[in-house]
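Trainee: Protein chains in written order, with our numbering: chain A, 1 to 339; chain B, 1 to 44.
Worth flagging that the hints you see were computed from the coordinates, not collected in a lab. Errors might be hidden in some of the hints.
As a list, the in silico DSS-like pairs of lysine-lysine whose alpha-carbon atoms are at most 25 Å apart [what the hints assert, rightly or not]:
| id | chain 1 | residue 1 | chain 2 | residue 2 |
| --- | --- | --- | --- | --- |
| 1 | A | K234 | B | K37 |
| 2 | A | K168 | B | K37 |
| 3 | B | K37 | A | K171 |
| 4 | A | K165 | A | K209 |
| 5 | A | K184 | A | K172 |
| 6 | A | K234 | A | K310 |
| 7 | A | K184 | B | K37 |
| 8 | A | K5 | B | K37 |
| 9 | A | K172 | B | K37 |
| 10 | A | K239 | B | K37 |
| 11 | B | K37 | A | K285 |
| 12 | A | K184 | A | K285 |
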Amino acid sequence: MKKNKIGLIYFYVHFVVEVLCFYFLYSNYKGAIVWLLPFVYDAFAFVPQSLIGYYADKNKNINMGLIGVLLMFIGYIFFLYTSVSIFIPLLIICFGNAFLHVDGAENTIRFGNGKLSNSAIFVAGGSFGVLIGRLLVGSLTQSWILLLPLISLIPLVIICNNETKDLKGYKKYDFVKKDVNPYKAIIIAFLVVAIRGYMGYGIPTSWNKTTIELLLLFLFMGTGKALGGILSDKFGIRKVAILSTLIAIPFLCFGDNIMVISLIGIMFFSMTMSITLGILLSVLKNNPGLAFGITTIGLFIGTIPIFFIKLTFICNVIMIIVFSIICSYLLSSILKGDK
Amino acid sequence: MNYYFNLSFIKGYELLFIILLSIIIIIIGVTIYLIIKEVNNENK
Chain A
1 MKKNKIGLIY FYVHFVVEVL CFYFLYSNYK GAIVWLLPFV YDAFAFVPQS LIGYYADKNK
61 NINMGLIGVL LMFIGYIFFL YTSVSIFIPL LIICFGNAFL HVDGAENTIR FGNGKLSNSA
121 IFVAGGSFGV LIGRLLVGSL TQSWILLLPL ISLIPLVIIC NNETKDLKGY KKYDFVKKDV
181 NPYKAIIIAF LVVAIRGYMG YGIPTSWNKT TIELLLLFLF MGTGKALGGI LSDKFGIRKV
241 AILSTLIAIP FLCFGDNIMV ISLIGIMFFS MTMSITLGIL LSVLKNNPGL AFGITTIGLF
301 IGTIPIFFIK LTFICNVIMI IVFSIICSYL LSSILKGDK
Chain B
1 MNYYFNLSFI KGYELLFIIL LSIIIIIIGV TIYLIIKEVN NENK
């Protein structure tokens, strides 16, 4: 398989998964459950990934992707053709989503051979899927049509799992300084993901009002996530981690009303995604699934406050500046110097 | 600081919310145990 091919395949897998999930979520986005639904989704799609990932690490012959496709298929059928409580298809879809995420992470990491590009490209697919899933609500007349791209994932996950199951590329990630305590590295990576998760919702974007602007927002977010891994492989993870976090600050703070400035900030801001995964892979060398699951728990913990607390514009700006500087310092304290 | 704390979205679903939080806490607890176990294994 060619260098970034598996990353691109899982970009598509991730894209389809999120299209289905967000089409489902936004189709039911009404009434009393308007906040509870995304909260339950975040909880059950993100948090169990650590346990599923750990299980996948220990059982490499089990195709987690296939289980994920099957669960998503069942959940979506429940949603389309039954009148059971919305929480039943939601939970099944969440678990399907979690299995497919773990499958994508495991395969792109195993194939990555110490490089982050494939994992970063895989992660980027989600942003585009979230966007398209949201946009399809109201414009798609036949909801069952989304089952077709889901079915198209079956041969892809079978081929990719067969190609990568014997690879040991996950042992080659080595981005953390030798003298750093592994627990310290894990806590820092977790904190950075959680802060990033929270900040993502606090970024001032008054300019974002039309579909085209929303499209651009997700496009730049996805591109940033992919670039984080690609640039880290090219120029060194430490440089990219520190610079992307610091450069993003002025763009995020002053881009409230100016789209271009804000988009550049969002792109830089999204780059840390794969860097934190790289840190965790460096200290949990035999457990890529568990490492990936820690990032998704961090993301969930980071998004919890947005359901309960809303801050003002000034508070958000102060938070972006303070948290970005803290993240940049923490990352620079554990990441190895670039060659 | 001008902020508000909003718990209204769980109204009517309190039990579900408590069960959900309990499951999340258990999973996070097990994950912490697994991390400690695996870090110890790798440093042996």
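Trainee: Could you run down the list of hints and mark each one as holding or not?
Mentor: Each hint tested on the structure:
1. Between the alpha carbons of K234 (chain A) and K37 (chain B) the distance comes to roughly 34 Å, so the proposed pair goes past 25 Å and is violated.
2. Among the hinted pairs, K168 (chain A) with K37 (chain B) is consistent with the structure: their alpha-carbon atoms are about 21 Å apart, no more than 25 Å.
3. Using a Cα cut-off of 25 Å, the hinted pair K37 (chain B) and K171 (chain A) holds, with the two alpha carbons roughly 18 Å apart.
4. At most 25 Å may separate the alpha-carbon atoms for a hinted pair to count; K165 (chain A) and K209 (chain A) exceed this at roughly 45 Å.
5. Among the hinted pairs, K184 (chain A) with K172 (chain A) is consistent with the structure: their alpha-carbon atoms are about 20 Å apart, no more than 25 Å.
6. Restraint check: the Cα-Cα separation between K234 (chain A) and K310 (chain A) comes to about 39 Å, which exceeds 25 Å; the hinted pair is violated.
7. Restraint check: the Cα-Cα separation between K184 (chain A) and K37 (chain B) comes to about 15 Å, which is no more than 25 Å; the hinted pair holds.
8. Simply put, K5 (chain A) and K37 (chain B) have alpha-carbon atoms about 34 Å apart, too far for the 25 Å limit, and the pair is violated.
9. Note on K172 (chain A) and K37 (chain B): the hinted pairing holds, with a Cα-Cα distance of about 21 Å set against a maximum of 25 Å.
10. At roughly 32 Å between alpha-carbon atoms, K239 (chain A) and K37 (chain B) are farther apart than 25 Å, so this suggested pair is violated.
11. With a C-alpha separation of about 13 Å, the suggested pairing of K37 (chain B) with K285 (chain A) holds against the 25 Å cut-off.
12. Using a Cα cut-off of 25 Å, the hinted pair K184 (chain A) and K285 (chain A) holds, with the two alpha carbons roughly 16 Å apart.
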